[in-house]
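Asker: Each protein sequence line maps, in turn, to chains A and B. The opening residue of the first sequence carries number 0 in numbering that gives the first Met the number 0; numbering runs sequentially from there. The opening residue of the second sequence carries number 0 in numbering that gives the first Met the number 0; numbering runs sequentially from there.
Keep in mind the hints are simulated off the structure, nothing from the lab. The beta carbon of each residue, even a glycine, is placed where N, CA and C say it ideally should be. Hints may contain errors.
[Stated by the list, open to error] Pulled a few chain A residues facing chain B out of the computed Cβ check, cut under 10 Å:
1) ALA61
2) ASP62
3) ALA71
4) LYS146
5) LEU149
6) GLU205
[Claimed, not checked] Restraint ranges, calculated between C-beta atoms of paired labels, are given here:
7) A:GLN77 x B:GLU20: 25 to 35 Å
8) B:GLY220 x A:GLY285: 55 to 65 Å
9) B:ALA247 x A:LEU179: 20 to 30 Å
10) A:ARG64 x B:ARG47: 25 to 35 Å
11) B:GLY172 x A:ARG64: 34 to 44 Å
12) B:ASP282 x A:HIS201: 55 to 65 Å
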Amino acid sequence: MALNRIIIVGAGVMGRGIAECIAATGTEVIILDRTASRALQGVEKIGENIDREIEKWGMTAADKRAILSRIAPSTDLQVVKEAYIVVEAIPEKKRLKLELIRKLDNLCPDETIFITNTATMSITELAAVTHRADKIIGMHFLNPVPKIPLVEIVRGLKTSDDTYRKTREFAELLGKTPILVNEYPGYVTTRIIVPLLNEAMHVLMEGVSTADDIDNAMKLGYGFNMGPLALADMIGLDVVMSWMENLLGELSEHKYNPCPILRKMVRAGNLGVKTGQGFFKYDAEGNRIRDNQNQESRS
Amino acid sequence: MNILVVNCGSSSVKYQFIEMEREFVLAKGLVSRIGMTGAVLTHKPHDRPEVKVTGEILDHIVAVQYVISILMSENHGVIKDKSEIAAVGHRVVHGGERFSESVLIDSEVMREIRQLIDLAPLHNPHNIRGINACMKTLPNAPQVAVFDTAFHHTMPPVSFIYGIPYVLYKRYGIRRYGFHGPSHYYVSTRAAAMRGKAYEDSKTITCHLGNGASITAVDGGKSVDTSMGFTPLEGLLMGTRCGDMDPAVILHIMGREELSLHEANTLLNKHSGLIGISGVSSDMREILSASNDSHTNAKLALEIYCYRLKKYIGSYIAAMNGLDNLVFTGGVGENSPDVRALTCQGMEYLGIKIDQNKNLAAKAVEADVAADDSRARILVIPTNEELVIARDTLRLMNHQKSNNPR
Numbered sequence: 000m001a002l003n004r005i006i007i008v009g010a011g012v013m014g015r016g017i018a019e020c021i022a023a024t025g026t027e028v029i030i031l032d033r034t035a036s037r038a039l040q041g042v043e044k045i046g047e048n049i050d051r052e053i054e055k056w057g058m059t060a061a062d063k064r065a066i067l068s069r070i071a072p073s074t075d076l077q078v079v080k081e082a083y084i085v086v087e088a089i090p091e092k093k094r095l096k097l098e099l100i101r102k103l104d105n106l107c108p109d110e111t112i113f114i115t116n117t118a119t120m121s122i123t124e125l126a127a128v129t130h131r132a133d134k135i136i137g138m139h140f141l142n143p144v145p146k147i148p149l150v151e152i153v154r155g156l157k158t159s160d161d162t163y164r165k166t167r168e169f170a171e172l173l174g175k176t177p178i179l180v181n182e183y184p185g186y187v188t189t190r191i192i193v194p195l196l197n198e199a200m201h202v203l204m205e206g207v208s209t210a211d212d213i214d215n216a217m218k219l220g221y222g223f224n225m226g227p228l229a230l231a232d233m234i235g236l237d238v239v240m241s242w243m244e245n246l247l248g249e250l251s252e253h254k255y256n257p258c259p260i261l262r263k264m265v266r267a268g269n270l271g272v273k274t275g276q277g278f279f280k281y282d283a284e285g286n287r288i289r290d291n292q293n294q295e296s297r298s
Numbered sequence: 000m001n002i003l004v005v006n007c008g009s010s011s012v013k014y015q016f017i018e019m020e021r022e023f024v025l026a027k028g029l030v031s032r033i034g035m036t037g038a039v040l041t042h043k044p045h046d047r048p049e050v051k052v053t054g055e056i057l058d059h060i061v062a063v064q065y066v067i068s069i070l071m072s073e074n075h076g077v078i079k080d081k082s083e084i085a086a087v088g089h090r091v092v093h094g095g096e097r098f099s100e101s102v103l104i105d106s107e108v109m110r111e112i113r114q115l116i117d118l119a120p121l122h123n124p125h126n127i128r129g130i131n132a133c134m135k136t137l138p139n140a141p142q143v144a145v146f147d148t149a150f151h152h153t154m155p156p157v158s159f160i161y162g163i164p165y166v167l168y169k170r171y172g173i174r175r176y177g178f179h180g181p182s183h184y185y186v187s188t189r190a191a192a193m194r195g196k197a198y199e200d201s202k203t204i205t206c207h208l209g210n211g212a213s214i215t216a217v218d219g220g221k222s223v224d225t226s227m228g229f230t231p232l233e234g235l236l237m238g239t240r241c242g243d244m245d246p247a248v249i250l251h252i253m254g255r256e257e258l259s260l261h262e263a264n265t266l267l268n269k270h271s272g273l274i275g276i277s278g279v280s281s282d283m284r285e286i287l288s289a290s291n292d293s294h295t296n297a298k299l300a301l302e303i304y305c306y307r308l309k310k311y312i313g314s315y316i317a318a319m320n321g322l323d324n325l326v327f328t329g330g331v332g333e334n335s336p337d338v339r340a341l342t343c344q345g346m347e348y349l350g351i352k353i354d355q356n357k358n359l360a361a362k363a364v365e366a367d368v369a370a371d372d373s374r375a376r377i378l379v380i381p382t383n384e385e386l387v388i389a390r391d392t393l394r395l396m397n398h399q400k401s402n403n404p405r
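Starting from the given sequences, assemble the full structure and let the hints guide the process.
Answerer: What follows is the structure in structure tokens.
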């Protein structure tokens, strides 16, 4: 498999994470974004992410040089004309994704596989606007991509066996364990985690326990690495809410109705780690600030 | 008769092309950046200047094709036809307990090398890729695997069993294997030859000090103990590896710093040793120069490096009940009189006494640097792993011929 022609569209957090993973395997990758500064900044941020890994002994300065040397930023969509695989990682807005996929379909050679990185969108719907519905497949990576060993491979109605097999090989090259998902809203991970996070918020809102104790209960009691409220903070409360609204819209089930404190916090701009304030407080590096004086939860 | 010796890394192929009648290197070189843009083949024929060729070298198969074509090229080549490559010798890192010596490769051997990937996940897969590439490109040339671990196969269980439940040895093959076999073997035979003594009658300690470093006790021509263990992490302090320490330390650090297995592994293998202690470099030359400029931690790193080595030498003298030859080899061992001097300092009691003038003069040449009244000889011997691989390849090839005369 000629894996030296992989192109990622979108230098956001997911696109960067996927690019880092690919480059870490020794494979070259082009990362595209609309402006040169965004593409360049994408590569810089990958460098910053590796710096944090170096501090935690996970990588070395030599690894960083090697990885960055394999990632080329670009703004020229024409590069996809040579692509073997295009990974689309632009924001989760249907209109934008459909528009991009139409463009790619016109530019790419017939054999190019499109991988769309989405947590909730319908692969079948994206495939319907192209002439290659058999070569469109979803890969749902979880954030932070370099750290999470799982990827959900999502088959649309028309995705071919050959495309699935190649995508599985690609996942294994990246060192990820793939699970197969037959397209359905929320796939496996999002669909199961969302009601858990929401329920933890209800328990907090109803005054059953404090945020710290709720998280400890699930960590110690059920072996979660991270409690549900800290996890929601890490994912981003706005993201959690958009997942719920998508699921609610697709499935109309009451269990996907966002908890009122989630709505309230999102409206207030308390979005979790990225704003420094969610169910817990965080410093600029994203480390939890522990306030021993005030063990009370907030709502 | 010419033999091609190949050593494959993740994105590189190193090679030497050796004419066996004279054991003369006709050409050597390196393909690097395989699978990336700017992949490059650096090739040095013995009688002409070095050349660099860049090209689209997507995988190890294409890399081997590049090597073969440059060996046959009009301007830079040393042969005219593929058939002049009589056989290929491959360095394979891990031979496990299965391979006690080099073997001719067939499909059964390949299957067994593949099974050993668990023991050497970083190395064996690339070695396998190189073998496959050569089998495809040179289908008529016999291929031989020479293992890093094989020379240490003579170690007795007292040397290779760890003090953990025995069932783990049975279940997962957890034991000392040792590495750098071809190098320890080569310099220990050279030591006997330099002394004019039979290999079987010599007690030799070989210190292979390169980026990785290991030390071996060779008694009567057999490796009886070596410092690297289940992986190359154990034993001496190295450029970036910690070597021996209390195993509980890493468990403690993993807890305190919430490290994953991967992070802990990188900490011990890439952030420790000379670079970890000094913060200066993993390269002994830079450690020595910083130490001379009174950089406190560079000096400390140097002292720990030599002290650890000295302790191992003492323990191997005890293990063998004597010592005839102490050998220094590898980049540091061959080129650093300072490391040799510091290591041998204060070992007169054990029969080791260095001659400072001879020591200073010996760089990358075979030399005896011991004082005249030293009971053991201290030898500097440049290693030659490629030659060991080529000789084994030739031997197995001839053996095959005598068994299957055509």
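Asker: Run every hint past the structure and note whether it holds.
Answerer: Verification of the supplied hints:
1. ALA61: Given a least distance of 8 Å, the restraint on ALA61 of chain A holds.
2. ASP62: This interface hint holds because 8 Å falls under the 10 Å limit.
3. ALA71: The hint holds - ALA71 of chain A has a Cβ within 10 Å of chain B, the shortest such distance being about 9 Å.
4. LYS146: holds (8 Å)
5. LEU149: Violated, about 15 Å.
6. GLU205: violated (32 Å)
7. A:GLN77 x B:GLU20: 25 to 35 Å: violated (57 Å)
8. B:GLY220 x A:GLY285: 55 to 65 Å: With Cβ atoms ~59 Å apart, the hint holds.
9. B:ALA247 x A:LEU179: 20 to 30 Å: For LEU179 of chain A against ALA247 of chain B, whose Cβ atoms are near 42 Å apart, the range 20 to 30 Å is violated.
10. A:ARG64 x B:ARG47: 25 to 35 Å: Cβ of ARG64 of chain A to Cβ of ARG47 of chain B: about 33 Å, so the range 25 to 35 Å holds.
11. B:GLY172 x A:ARG64: 34 to 44 Å: At roughly 36 Å between Cβ atoms, ARG64 of chain A and GLY172 of chain B fall inside 34 to 44 Å, so the hint holds.
12. B:ASP282 x A:HIS201: 55 to 65 Å: holds (59 Å)
In terms of the numbered hints stated before, the structure departs from hints 5, 6, 7, 9, listed from lowest to highest.
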